[in-house]
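Number of protein chains: 2
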Amino acid sequence: MDSQSLRAENDFSDQQRAGLYHAIVNRRDVRGQFVPDPIPDAVLARVLTAAHFAPSVGFMQPWSFLILTDPAVKARVHEDFTAANAEAAAMFDDERQAIYRRLKLEGIREAPINLCITCDRDRAGPVVLGRTHMPAMDIYSTVCAVQNLWLAARAEGLGVGWVSILHPDRLRDLLGIPEKIVPVAYLCLGYVSQFNTRPDLEKAGWRERLPLEGLVHFDRWGGDGDGSAAAASLLEAVRQTMERTRDGSIT
Amino acid sequence: MDSQSLRAENDFSDQQRAGLYHAIVNRRDVRGQFVPDPIPDAVLARVLTAAHFAPSVGFMQPWSFLILTDPAVKARVHEDFTAANAEAAAMFDDERQAIYRRLKLEGIREAPINLCITCDRDRAGPVVLGRTHMPAMDIYSTVCAVQNLWLAARAEGLGVGWVSILHPDRLRDLLGIPEKIVPVAYLCLGYVSQFNTRPDLEKAGWRERLPLEGLVHFDRWGGDGDGSAAAASLLEAVRQTMERTRDGSIT
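If you're matching them up, the sequences are chains S and V in order.
Mapping of the first sequence onto my numbering: position 172 corresponds to residue 156, and the numbering continues sequentially without gaps.
Mapping of the second sequence onto my numbering: position 210 corresponds to residue 194, and the numbering continues sequentially without gaps.
To be clear, the hints were calculated from the coordinates, so they are not data collected in a lab.
Don't take every hint at face value.
Partial pick of chain V residues on the chain S-facing surface, computed with a CB cut under 8 Å [claimed, not checked]:
1. W134
2. L159
3. A221
A quick note: this is a predicted structure, and the numbers were derived from the prediction, not measured.
The beta-carbon is built from N, C-alpha and C at its ideal position, and this holds for glycine as well.
Starting from the given sequences, assemble the full structure and let the hints guide the process.
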């Protein structure tokens, strides 16, 4: 039987596929470019729906979405960020610390909406299909929801910033999150004055984007393909594809 | 100052945005529909590049990609799946167990490529910007890379299945993954005969898709918006958006 004939036709136009890649390459972690324009309900509903269509282990859909707009709530979270960030800065050596202290790392008060995405580990009972041997799979599902939302937001012209410099227990207290629910992501969400071309940390000289071809192994950790033409050919394709991302797309 | 004038123009066409949403809504966890057609290097390079453009804490890019094509490697992983799956089945009560045993949960040997995505927790040294207070952030970054790859694959007509019913230590042994590197995701990748309209587990009656409006809280865990018109209006928009996803898109 000819397997070619069994294969489903691709239902994406070139433009649709380019749209996805545009979102992936131009998504940024936004900290300093939020503008106060309100987010229409229809737009917020679409990005939440995108999150809800994430994959989830055992189809458990363990996520919840806490939409935070009360300035008093944001102020308390920002206070905790300030405390955590001072602790964080002190962990770096002098040279890095000087750079660290100059970085803007959150837009909690400026972003019109803050969003806490949580994982309810009990949502599908104690035994979950697919979580039996990798217990963190429900947390991973929730992270997939975050990434869906992040990409959808980019396509809607909305910036998202993930704030992880917080004390998780303090966040739990501030938002009244029960013990068994895990706050996975704290996000700032809003329209932006611009999306930066490069990640903030790359621009600031904190770290560089790594060459992807150095991160690809064959058939085992560290496997270089044993000099096979197939491995060399894939690595060359990776190099060329990465080279072309300088134009802001994946082609 | 008029904030409207500060806001960046959205650089997405309607078709590009629709492309992203099409990938999000029609992405499936594929277990049973792989066809053996080889994946061209250019296509594989694009989906790997999509993964590499995931957000990462402190821009640490902690991921590596193990591309597994050797049938002997796949056979050993499949053997471990078989053992783990038997253990998993026994954890369900009789009624669920009967359904569980009928489900096809992996395409390890059929998919032309298996891909293990790992997280190197030491890639940026011991102190990582943004990981100081939430130590799992590097693992989360790696999961974001998985989700980027999954969506890109969908837009390329490639199915992806995430196999989590494996013993992580056995997988580490089989692939020679060092102790300090975490295998986060084991994926099966290949062209498919079809993408199912609904998730396999929904079709099988395992669990249903939850109403999204029940998962949205306001300003605190369990907060219902205190009867505000703003909260009611957002929830109505969410309901309507979810309703329209029956047509296979987010609009």
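Hint check:
Interface hint status for V:W134: upheld, as the beta-carbon distance to the closest one in chain S is roughly 7 Å, under 8 Å. Restraint check, V:L159 versus chain S: the minimum CB separation of about 5 Å is within 8 Å; hint holds. Because the smallest distance between the Cβ of V:A221 and any Cβ of chain S comes to about 4 Å, under 8 Å, the interface hint for this residue holds.
In terms of the numbered hints stated before, the structure departs from none.
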